[in-house]
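Here the protein sequences line up with chains A and B, keeping their order.
No gaps in the numbering here: position 242 of the first sequence is 242 in this note's numbering, and each next residue is one more.
Here this note's numbering = 1-based position in the second sequence + 273.
Residues from chain A shown here face chain B by an in silico Cβ test under 10 angstroms; the list is partial:
1) LEU74
2) ARG142
3) MET150
4) ARG158
Each pair of labels, with its calculated beta carbon distance range:
5) GLY182(A) with GLN479(B): 24 to 30 angstroms
6) LEU38(A) with ASP459(B): 23 to 29 angstroms
7) VAL381(B) with SER170(A): 55 to 61 angstroms
8) GLY182(A) with ARG311(B): 33 to 39 angstroms
9) GLY414(B) with GLY116(A): 42 to 48 angstroms
10) ARG141(A) with VAL381(B): 35 to 41 angstroms
11) ARG230(A) with GLY414(B): 40 to 46 angstroms
12) GLY26(A) with GLN479(B): 31 to 37 angstroms
13) GLU305(B) with PRO239(A): 32 to 38 angstroms
14) SER60(A) with ASP553(B): 47 to 53 angstroms
15) THR518(B) with ARG141(A): 54 to 60 angstroms
Using 20 angstroms as the maximum straight-line C-alpha spacing, the simulated SDA-like pairs for lysine to any residue come out as follows:
16) LYS470(B) with ARG115(A)
17) LYS497(B) with LEU563(B)
18) LYS470(B) with ASP73(A)
19) LYS470(B) with PRO486(B)
20) LYS497(B) with LEU555(B)
21) LYS497(B) with LEU394(B)
22) LYS470(B) with ASP75(A)
23) LYS470(B) with LEU102(A)
24) LYS470(B) with GLY106(A)
25) LYS497(B) with MET377(B)
26) LYS345(B) with ALA334(B)
27) LYS470(B) with ARG76(A)
28) LYS470(B) with ARG88(A)
29) LYS470(B) with ALA72(A)
30) LYS470(B) with VAL117(A)
31) LYS470(B) with PRO100(A)
32) LYS470(B) with ILE82(A)
33) LYS497(B) with GLY414(B)
34) LYS497(B) with LEU485(B)
35) LYS470(B) with THR66(A)
36) LYS497(B) with ILE552(B)
37) LYS470(B) with GLU95(A)
38) LYS497(B) with THR413(B)
39) LYS497(B) with ILE545(B)
40) LYS497(B) with ILE550(B)
Read the hints as simulated data drawn from the structure, not as lab findings.
No residue lacks a Cβ here, since even glycine has one placed at the ideal position from N, Cα and C.
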Amino acid sequence: MTPAPDSVAAAGTGSRHTGRGLRLDGVSKAFGSGATALLALDNVSLNVAPGEFVCLLGASGCGKSTLLNLVADLDRPSAGAIDVGGARVALMFQEPALFPWLTVTGNIELALRMRGVPRQERRQRAAQLLASVHLGGFERRRPHQLSGGMRQRVALARALALTVDDADASRGTVLLMDEPFGALDAMTRDLLHDEIERIWRERDLTVLFVTHNVREAVRLGDRVVLLSSRPGRVVEEFPVTLDRPRRIDSTEVATLSAAITDRLREEVSRHGA
Amino acid sequence: MAPEAMTTEPRKDTEDLAPAVNRELAGLDALELTVRSRRNPIARLWSAAWPVLAAVGIALALWQLVVLSGWKESWVLPGPADVLPELWNSVTSGSFWGAVGLTMQRAVIGFAVSVLVGTVLGLAVSRFGVLRRAFGSLITGLQTMPSIAWFPLAILLFQLSESAILFVVVLGAAPSIANGLIAGVDYLPPILLRAGKVMGLRGLSQYRHLILPASLPAFVAGLKQGWAFAWRSLMAGELLVQIGTTSSVGRLLSDSRELSDTAAMISVMLVILVIGIVIDQLFGLADRTLRNRWGLNAAD
Numbered sequence: 001m002t003p004a005p006d007s008v009a010a011a012g013t014g015s016r017h018t019g020r021g022l023r024l025d026g027v028s029k030a031f032g033s034g035a036t037a038l039l040a041l042d043n044v045s046l047n048v049a050p051g052e053f054v055c056l057l058g059a060s061g062c063g064k065s066t067l068l069n070l071v072a073d074l075d076r077p078s079a080g081a082i083d084v085g086g087a088r089v090a091l092m093f094q095e096p097a098l099f100p101w102l103t104v105t106g107n108i109e110l111a112l113r114m115r116g117v118p119r120q121e122r123r124q125r126a127a128q129l130l131a132s133v134h135l136g137g138f139e140r141r142r143p144h145q146l147s148g149g150m151r152q153r154v155a156l157a158r159a160l161a162l163t164v165d166d167a168d169a170s171r172g173t174v175l176l177m178d179e180p181f182g183a184l185d186a187m188t189r190d191l192l193h194d195e196i197e198r199i200w201r202e203r204d205l206t207v208l209f210v211t212h213n214v215r216e217a218v219r220l221g222d223r224v225v226l227l228s229s230r231p232g233r234v235v236e237e238f239p240v241t242l243d244r245p246r247r248i249d250s251t252e253v254a255t256l257s258a259a260i261t262d263r264l265r266e267e268v269s270r271h272g273a
Numbered sequence: 274m275a276p277e278a279m280t281t282e283p284r285k286d287t288e289d290l291a292p293a294v295n296r297e298l299a300g301l302d303a304l305e306l307t308v309r310s311r312r313n314p315i316a317r318l319w320s321a322a323w324p325v326l327a328a329v330g331i332a333l334a335l336w337q338l339v340v341l342s343g344w345k346e347s348w349v350l351p352g353p354a355d356v357l358p359e360l361w362n363s364v365t366s367g368s369f370w371g372a373v374g375l376t377m378q379r380a381v382i383g384f385a386v387s388v389l390v391g392t393v394l395g396l397a398v399s400r401f402g403v404l405r406r407a408f409g410s411l412i413t414g415l416q417t418m419p420s421i422a423w424f425p426l427a428i429l430l431f432q433l434s435e436s437a438i439l440f441v442v443v444l445g446a447a448p449s450i451a452n453g454l455i456a457g458v459d460y461l462p463p464i465l466l467r468a469g470k471v472m473g474l475r476g477l478s479q480y481r482h483l484i485l486p487a488s489l490p491a492f493v494a495g496l497k498q499g500w501a502f503a504w505r506s507l508m509a510g511e512l513l514v515q516i517g518t519t520s521s522v523g524r525l526l527s528d529s530r531e532l533s534d535t536a537a538m539i540s541v542m543l544v545i546l547v548i549g550i551v552i553d554q555l556f557g558l559a560d561r562t563l564r565n566r567w568g569l570n571a572a573d
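Looking at chain A on its own, in the form it has when it is part of the complex (with noise of 0.2 angstroms):
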């Protein structure tokens, strides 16, 4: 296994951004400890840039989860360092994780009032939330009766929610979002891909996207940057240059998208052997 190169990501685009972006610097995690100690990461820099969407590309136990569980701050990393620049950090996952117990707005507004948002104020700004992923009007539903895909943009709204700061606007937000289209069905999840680019724009949002499907991670990103297994490296990055709005099924989405999927059989290769 040859070391893995440090990633040095690209440099800011621009002071029109808040926030100061994401700096990991050789962060390494290990579960348990002696010799049957496992390394999930191992020395993995990143930076990414406020207003960046990175994706991150990877198989099967490359740490993706853990990873985006250190950036959250839900986990603590066993070396290295980490530098949110004073953002709010949301987190996305694979489940829409919605409190069943709550209605759609009811949702939102425990995420608001974590915030500190005052309760006169919560209503409408769950409503409005709610609006900007396209839910006006299914507040009063309860998770259940919507759709999965419906859930994701509830999900969503309710990262969105987390990042809300009155007290300092300067402050920038990073989305932290764990294969959040896995589970849906093609048609929905290419929907929600424009989705997400629109919102990505519209609150200039620093966005950490971790996914298995290259083609995803290619339709969405700024950089993909593929990881290694067991333990998580950064083995490669590739930057994605081509022009927004990007359609998932185009020539240059799948001919890049050839490209990284070799790249990263080769890595899981290494495994089998």
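Using the hints provided, position chain B relative to the given structure of chain A.
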């Protein structure tokens, strides 16, 4: 830039895309939402009622058949024709309702104390690993212990008093309620815990906004089971612990046995059965409503 101040105006490069996406999303949403037909309430009521009525009819018929077979003398085993008028006489008398009132008062107080004890116990055990290791299996053990086995001790401790009955009712019901809550906390989906942590739910707020509401269905199931145990314990208690001249449902049962008034005895038994069923149905209703709201029903 505060997100809520965001304009909904798309930027230039997505401008031509947005309306089409909106339409497509709306179309998909409409297609994916399930359409449910509502049934006529009378039809629904009837479909729930007729199997129950049929079952009651069959039970009465079997009972009558046993009586007609002449297996026992009619003063040992009277038929429905003797018992039902007796039951009607009871329910139209004031003293009967006084007895039911006292019994229900004991049931409500006993159950309320059980809920309190069971909830505190369940919360403590689910929260602290050392308490669980210490008391977890003890709680389940208490649940399986026949409550009547507690009465000798209860009578020694509290003599023939309300406290003796309350003691046994709570010992019977609280473990089930505690176990329900513990199960609810244990089976909390890990993904919801993760989502809660992302939202910043910790400590008390995690309990208030996540753990307690999430364990509600299991808690209600525990309440339902706890009620069954409370009711059984109460009936055993009222047969064994008779206080002065007070009249209770259990007292009516034991009095009619002493007077060899079998018809009255069976009619009291029917009353005990019906009260048990009615309250169980109320818990069942709460359980179903909850499951419907959460989308936990297979039929949903």
